[in-house]
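Asks: Listed below, chain by chain, are the residues.
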Amino acid sequence: MNKNKFKILWALFVIFFKAGTFTFAGGLAMLPVIEKDVVEKYKLMPKEDFMEYATLAQTLPGVIALNCACFVGRRAGGFLGMLVAGFGATFSAFALMIAATVLLQFVPQEGPVAGAFMGIRAASAALVLSAAFSLGRHNLKSRFAVVVMLAAFALVLFAKVSAPLVVLAAGAAGYVYQRIKSKGEVAK
Amino acid sequence: MIVKCAELLYSFFKIGLMGFGGGYSMLSMIITESEKFSITAQQFADLNALDMIVPGPIAINAATYVGYLYAGFWGALAATVGVSLPSIIIITLVMRFIEKYKENKFMNSFLSGVKPAAVGLIAAASLTIASGVLLQPGAQLATLFSDFFGTVSVFLVAVFAVTAVCNIKFNINPILLTLLAGAAGAIWYML
Numbered sequence: 001m002n003k004n005k006f007k008i009l010w011a012l013f014v015i016f017f018k019a020g021t022f023t024f025a026g027g028l029a030m031l032p033v034i035e036k037d038v039v040e041k042y043k044l045m046p047k048e049d050f051m052e053y054a055t056l057a058q059t060l061p062g063v064i065a066l067n068c069a070c071f072v073g074r075r076a077g078g079f080l081g082m083l084v085a086g087f088g089a090t091f092s093a094f095a096l097m098i099a100a101t102v103l104l105q106f107v108p109q110e111g112p113v114a115g116a117f118m119g120i121r122a123a124s125a126a127l128v129l130s131a132a133f134s135l136g137r138h139n140l141k142s143r144f145a146v147v148v149m150l151a152a153f154a155l156v157l158f159a160k161v162s163a164p165l166v167v168l169a170a171g172a173a174g175y176v177y178q179r180i181k182s183k184g185e186v187a188k
Numbered sequence: 001m002i003v004k005c006a007e008l009l010y011s012f013f014k015i016g017l018m019g020f021g022g023g024y025s026m027l028s029m030i031i032t033e034s035e036k037f038s039i040t041a042q043q044f045a046d047l048n049a050l051d052m053i054v055p056g057p058i059a060i061n062a063a064t065y066v067g068y069l070y071a072g073f074w075g076a077l078a079a080t081v082g083v084s085l086p087s088i089i090i091i092t093l094v095m096r097f098i099e100k101y102k103e104n105k106f107m108n109s110f111l112s113g114v115k116p117a118a119v120g121l122i123a124a125a126s127l128t129i130a131s132g133v134l135l136q137p138g139a140q141l142a143t144l145f146s147d148f149f150g151t152v153s154v155f156l157v158a159v160f161a162v163t164a165v166c167n168i169k170f171n172i173n174p175i176l177l178t179l180l181a182g183a184a185g186a187i188w189y190m191l
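Residue numbers (the numbering used here), protein chains in the order written: chain A, 1 to 188; chain B, 1 to 191.
This is chain A alone, in the form it adopts within the complex (with noise of 0.2 Å):
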């Protein structure tokens, strides 16, 4: 492997292993930190394509951070810098995650600890809800969108259907109402 090439190799690890360390709550709140690095500090490609790119990690399925990590360190590396900043971009995220999954079986569950957890706990599942609410706010702007979202909700939480399976059925149901919606306007 030539000098250059491993240069590049380390700057993306260096980049995705930053980002995927220091930044807390998912990975959205990464990509502006990803993208000062990407375009200014090492620059890797230029502004308007790490844009693009940084789009298409959003609307694709998967781990959003993961996705743009694998954008950057194709085009900038190959196949072998796909790998390594996808690397980066988890390590950190995998390894704190089991030890603090380790440390938590050894808290013990008694007296006001547990009454701790139990608070705790509770607030944990309203932060879920207010995660609902606030993609809501984005993403329920037809009356359509609305009855995508009742008709999910209902067939996971009631009817038990795999959520996956929801996800293929929703979009299945937009492709269509899309289809129908473009013909109504040509007829008009």
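Since the hints were derived computationally from the structure, they do not count as laboratory data. Check each hint, because a few of them may be wrong.
Claimed, not checked - Here are the simulated DSBU-like cross-link-like pairs (lysine-lysine), alpha carbons at most 30 Å apart as the crow flies: (1) K169/B with K36/B; (2) K18/A with K5/A; (3) K36/B with K14/B; (4) K160/A with K36/B; (5) K183/A with K105/B; (6) K47/A with K3/A; (7) K183/A with K141/A; (8) K47/A with K169/B; (9) K18/A with K14/B; (10) K4/B with K36/B; (11) K7/A with K47/A; (12) K4/B with K160/A; (13) K36/A with K18/A; (14) K141/A with K160/A; (15) K141/A with K36/B; (16) K18/A with K43/A; (17) K141/A with K181/A; (18) K181/A with K105/B; (19) K105/B with K47/A; (20) K47/A with K5/A; (21) K141/A with K4/B; (22) K160/A with K183/A; (23) K3/A with K36/A; (24) K169/B with K141/A.
Assemble chain B onto chain A, guided by the hints.
Replies: Chain B alone, transformed into the frame defined by chain A:
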């Protein structure tokens, strides 16, 4: 052991493949899919609290956690690789056809259905967790209608409601809210 890891790999691969819309949407799928892995509502609530202190993508944290509880270190690795693989495969394909993909009408109309569905899934996930963690110690949800106050803890429901309103309406920091809820729980226990 190998069977357990293969189950994790398969389930999380499916979740990664259908995981449109980021971390919480995948988290909700993990919750509905995880009956297989015998993870309780309590453990999911713990996971969501840990997510706030452990850095990194939510879906990677969740895969590691569920995998570790179900099958130890190798389970954690299998689940994490499973949820990551679709990204590597899909992006290799998209890079090849990137110009075509950008103006893909099929994808846009597909997403117009997927995005609102993700909202429904996350809301359902929240109620699934809530139905497990808002109960009196040792109570079962089955007695909800015959013995309401013996089943549901009014204190925990209040914590749930106050946290939801504070975060949704007043945008108060989730980590602060979690710490306050923990303190309130400890004090309530001692009273």
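Asks: Next step is simple, just say for each hint if it's right about the structure.
Replies: Hint by hint, here is what the structure shows:
{"no.": "1", "hint": "K169/B with K36/B", "in the structure": "violated, 36 Å"}
{"no.": "2", "hint": "K18/A with K5/A", "in the structure": "holds, 20 Å"}
{"no.": "3", "hint": "K36/B with K14/B", "in the structure": "holds, 14 Å"}
{"no.": "4", "hint": "K160/A with K36/B", "in the structure": "holds, 13 Å"}
{"no.": "5", "hint": "K183/A with K105/B", "in the structure": "holds, 14 Å"}
{"no.": "6", "hint": "K47/A with K3/A", "in the structure": "holds, 25 Å"}
{"no.": "7", "hint": "K183/A with K141/A", "in the structure": "holds, 21 Å"}
{"no.": "8", "hint": "K47/A with K169/B", "in the structure": "violated, 36 Å"}
{"no.": "9", "hint": "K18/A with K14/B", "in the structure": "holds, 28 Å"}
{"no.": "10", "hint": "K4/B with K36/B", "in the structure": "holds, 10 Å"}
{"no.": "11", "hint": "K7/A with K47/A", "in the structure": "holds, 21 Å"}
{"no.": "12", "hint": "K4/B with K160/A", "in the structure": "holds, 23 Å"}
{"no.": "13", "hint": "K36/A with K18/A", "in the structure": "holds, 12 Å"}
{"no.": "14", "hint": "K141/A with K160/A", "in the structure": "holds, 27 Å"}
{"no.": "15", "hint": "K141/A with K36/B", "in the structure": "violated, 35 Å"}
{"no.": "16", "hint": "K18/A with K43/A", "in the structure": "holds, 17 Å"}
{"no.": "17", "hint": "K141/A with K181/A", "in the structure": "holds, 16 Å"}
{"no.": "18", "hint": "K181/A with K105/B", "in the structure": "holds, 13 Å"}
{"no.": "19", "hint": "K105/B with K47/A", "in the structure": "holds, 25 Å"}
{"no.": "20", "hint": "K47/A with K5/A", "in the structure": "holds, 21 Å"}
{"no.": "21", "hint": "K141/A with K4/B", "in the structure": "violated, 42 Å"}
{"no.": "22", "hint": "K160/A with K183/A", "in the structure": "violated, 34 Å"}
{"no.": "23", "hint": "K3/A with K36/A", "in the structure": "holds, 24 Å"}
{"no.": "24", "hint": "K169/B with K141/A", "in the structure": "holds, 19 Å"}
Hints 1, 8, 15, 21 and 22 from the list above are not met by this structure, while the remaining hints are.
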